[in-house]
Amino acid sequence: MNLYRNLFILLLLTSACIFTSCEENTGCTDPNSINFDPDAESSDGSCRLPELRIHFHPTVNGQDLSFRNTYEVNGVSIRFSVAQFYVSGLQLSGGNTTDEPGKYLLVQGSQHMYDAGEISKGSKSRLTFNVGVDSLTNHSDPTTYPADHPLAPKNPSMHWNWDAGYQFIKLEGLADADGDGTPEAPFEYHIGKDSNLRNISLSIDMEVASETNMINVMIDYAGFLNGLDLTSDLISHTGDFPVIAKTIADNAPSVFMFMP
Amino acid sequence: MKLLTTYKIMGVAGAIILLLTTSHPAKREAAGSSLARYELSLPKGFPSPPIPEDNPLTQVSVTLGKALFYDNMLSIDSSMSCASCHLLSAGLADHHPISVGIEGRIGFRNVPTLTNIAYHPYFFVEGGSPSLERQVLGPICNNDELGFNAADLAVRLTNNTVYQDLAMEAYGRPMDLFVLTRALASFERTMISYQSPYDLAQRENDPGYLSAEAVRGRDLFFSPRTACASCHSGPNFTNFSFENIGLETEYVDQGRYRVSLREEDIGKFKVPTLRNIGLTAPYMHDGRMESLEEVIAHYDQGGAGHINQHPLIKPLSLTKQEKQDLIAFLHSLTDKHFIQNSEFLLEP
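As they're listed, the protein sequences go chains A and B. At position 76 of the first sequence the residue is numbered 459 (the working numbering), and the sequence of numbers has no breaks. At position 205 of the second sequence the residue is numbered 1598 (the working numbering), and the sequence of numbers has no breaks.
Honestly, the hints are just simulated from the structure, not real lab data. Idealized CB from N, CA, C, for every residue including glycine. Heads up, some of the hints might be wrong.
Claimed, not checked - Have a look at the derived ranges for each label pair, beta carbon to beta carbon:
no.: 1; chain 1: A; residue 1: 582; chain 2: B; residue 2: 1536; range: 19 to 25 Å
no.: 2; chain 1: A; residue 1: 595; chain 2: B; residue 2: 1565; range: 32 to 38 Å
no.: 3; chain 1: B; residue 1: 1514; chain 2: A; residue 2: 438; range: 53 to 59 Å
no.: 4; chain 1: A; residue 1: 424; chain 2: B; residue 2: 1554; range: 52 to 58 Å
no.: 5; chain 1: B; residue 1: 1697; chain 2: A; residue 2: 451; range: 40 to 46 Å
no.: 6; chain 1: B; residue 1: 1545; chain 2: A; residue 2: 408; range: 35 to 41 Å
no.: 7; chain 1: B; residue 1: 1567; chain 2: A; residue 2: 577; range: 31 to 37 Å
no.: 8; chain 1: B; residue 1: 1733; chain 2: A; residue 2: 629; range: 50 to 56 Å
no.: 9; chain 1: B; residue 1: 1460; chain 2: A; residue 2: 479; range: 43 to 49 Å
no.: 10; chain 1: B; residue 1: 1657; chain 2: A; residue 2: 532; range: 55 to 61 Å
no.: 11; chain 1: B; residue 1: 1514; chain 2: A; residue 2: 595; range: 44 to 50 Å
no.: 12; chain 1: B; residue 1: 1470; chain 2: A; residue 2: 464; range: 57 to 63 Å
no.: 13; chain 1: B; residue 1: 1488; chain 2: A; residue 2: 629; range: 54 to 60 Å
no.: 14; chain 1: A; residue 1: 615; chain 2: B; residue 2: 1681; range: 28 to 34 Å
Unchecked claim - Not the full set, but computed from the structure, chain A residues with beta-carbon under 8 Å of chain B:
no.: 15; residue: 524
no.: 16; residue: 527
no.: 17; residue: 531
no.: 18; residue: 532
no.: 19; residue: 533
no.: 20; residue: 537
no.: 21; residue: 540
no.: 22; residue: 565
no.: 23; residue: 568
no.: 24; residue: 620
no.: 25; residue: 622
no.: 26; residue: 624
Said to hold, decoys possible - Computed far set for chain B versus chain A, every beta-carbon distance over 10 Å:
no.: 27; residue: 1528
no.: 28; residue: 1542
no.: 29; residue: 1569
no.: 30; residue: 1574
no.: 31; residue: 1596
no.: 32; residue: 1651
no.: 33; residue: 1676
no.: 34; residue: 1702
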């Protein structure tokens, strides 16, 4: 009997502790958050950080990319059927702060909007990211990611299923190699391997104050092919034609443009 | 006295609260480790293969892996399985020079044996895959092998009803690519050959298991004169290094170079195991040699003189009898118990 009474007192005491702690002024204590409460003494877990969305605008020679259209690139008529690449290592910086939203994006010709993760409030002056996948992740196991993750196996495949890792950039389509006006020769560029990771740095101008924040970035897919003879340099799976692979990787920094 | 009781109760209550908050993961862990382990019954002195900590061999993972190994659903047109090219009767390889995939497509290389694959530190002949688990999607997704796409296979596995219970039991998750690759690797690790006449002769110190030719061939194999055992060493007759044996002066398949992109790796391939070598003809990464006679003739002749050729590949001046002896020794590595082991078959 005594035991039960003591247990009851103990329960009362513990619940009392819990209730008193609520009397403290709680709220969001993170000044980077949208709902930052300067009066809050302790965090109640309600903080909401601003979210970054990137709107990629896929284009070829200034026109919107369409897999149905034929474009004149390097003097040759071409048509795309696959146009996609990985983005990793996103950083958004301004003042003394650098946000690392930490998302991997598979940027596809057919999809324009990407959730890029959480950032902080304030003015931002630079967006940097890698085209490709960082070395550590490049050699990780795709089967450990949930099916809807950008790094999980995809169709068309973005992984070589051996040590070479992910295909950073995948461009496929047809080129008019014989000059008869109709693109009929397949081109196939599967560009990857650690040495072909490229860093992109864009000067931007953006004030992050609200919950969703969008950056518009234009992609010029013709830019990837700069310097290639599209009547003959039609294939590279990186390992077989490493020079073509390097050319395309080296072109990556000139492919992106910030749209104010 | 009363105060003491209160402390006691507080202590007990605290312990209960602690238990309540932690019991969930603790319970889970207990369930995971309580799965019946799959014991590899290897004879004394025969080394155990490394088993990855995150994919322990369990009865259920091996059972699931075996079923998958023989399941045609792993090919795009459901016409082929792993076992289509890795035939137990052929020492877990096949007899084509180059692998033959869906729709009769000719692949890239000779099918490697899976005999004692558990001991290998990397996979594919250029070492392009770091684990058995990671290797699995290679042949499945190669256009000229099982021709599938991994994302499409993932959907097929999710919709499959046969394996869901086994997947949950073995790995605590629904059937997916993670489970597929882990289970297949588990099954493959169980296929260990250790009962060839050579093994029995060694273990029981009784040359009676071997012919006189094989005994002479064994001595020649391990002699400095042939130096075979400087690469084909250890319990699996390979040191797993990458070597160029002078098959030609210009390699079409550049081997290890594909991974390293270093000139000195052109034409280097993983030293293969010699276990069940008598069953896995034709030979070399491209199946260019039809018989062991041709292989021995190559080593006797001393290679084509590629710039990366291993210095030990040089003319040997073997007599006809010595060549026969070496071949007899190689045949003594054929393990009849292994290829007749019904444990490795879906329906014994």
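What hints, given by number in increasing order, does this structure fail? Hints 1, 3, 5, 6, 9, 10, 12, 13, 17, 18, 19, 22, 23, 24, 26, 27, 28, 29, 30, 32 not satisfied by this model.
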